[in-house]
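Chemist: Chains A and B, in that order, give the protein sequences. Heads up, the first sequence is in our numbering, so the first residue is 4 and it goes up one at a time. Heads up, the second sequence is in our numbering, so the first residue is -16 and it goes up one at a time.
Hints may be right or wrong, so weigh each one.
To be verified - Distance condition first, Cα-Cα at most 25 Å in a straight line; then the derived SDA-like pairs of lysine to any residue:
1. B:Lys(-14) to A:Tyr67
2. B:Lys21 to A:Gly61
3. A:Lys60 to B:Tyr16
4. A:Lys60 to B:Phe51
Rather than coming from a laboratory, the hints here were simulated on the basis of the structure.
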Amino acid sequence: EAQVTQNPRYLITVTGKKLTVTCSQNMNHEYMSWYRQDPGLGLRQIYYSMNVEVTDKGDVPEGYKVSRKEKRNFPLILESPSPNQTSLYFCASAYLFSYEQYFGPGTRLTVT
Amino acid sequence: AQKVTQAQTEISVVEKEDVTLDCVYETRDTTYYLFWYKQPPSGELVFLIRRNSFDEQNEISGRYSWNFQKSTSSFNFTITASQVVDSAVYFCALSEAYGGKLIFGQGTELSVKP
Chain A
4 EAQVTQNPRY LITVTGKKLT VTCSQNMNHE YMSWYRQDPG LGLRQIYYSM
54 NVEVTDKGDV PEGYKVSRKE KRNFPLILES PSPNQTSLYF CASAYLFSYE
104 QYFGPGTRLT VT
Chain B
-16 AQKVTQAQTE ISVVEKEDVT LDCVYETRDT TYYLFWYKQP PSGELVFLIR
34 RNSFDEQNEI SGRYSWNFQK STSSFNFTIT ASQVVDSAVY FCALSEAYGG
84 KLIFGQGTEL SVKP
């Protein structure tokens, strides 16, 4: 089954404790992206990747890192999480220039 | 700058009523794509429709219909004979011509009461 998976689905952590949210897709998509969803703001892009070893900032990259060492994986790293990063995070993937993105199930992160 | 506005934050209707969700967009691109996504209470994002800027033909899929008007930069979504299962947050989104980033509106929370 074609899908985008994210882990963990739920995470409660404390300020400053490094964490990684994994994202994996099995559709051989070149394009992968991370969004965060906040009430009243919709979804905003954090980082994206056009292919392996090619990443770039989205609209709200501060406090996040990403890497793309393999085509299928695009982890989101919070080196020192803060409460303002409490949010619902979505990973998405797509064929380059296909315009249709497949979203993962979301990861609900709470930073206390 | 590109922007998507969903002015209706929350809408509440009674089952079987028709409801229209508004979406207004701004872009300088001549080629772009518009989307609607549904987010049910379970939280996942469900793709509903994609339209490109060259195709203003309205589309109907069952109880769902979409009205795309370039002249008013709007891409409205109508649910006919709403059902309780339609209760969700609905997002309108815009994509740049070369694909990639989706620019989302703020979302409209639709509540359909029995």
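Chemist: Hint compliance check: list the failing hint numbers for this structure, sorted ascending.
Modeler: Failing hint: just 4.
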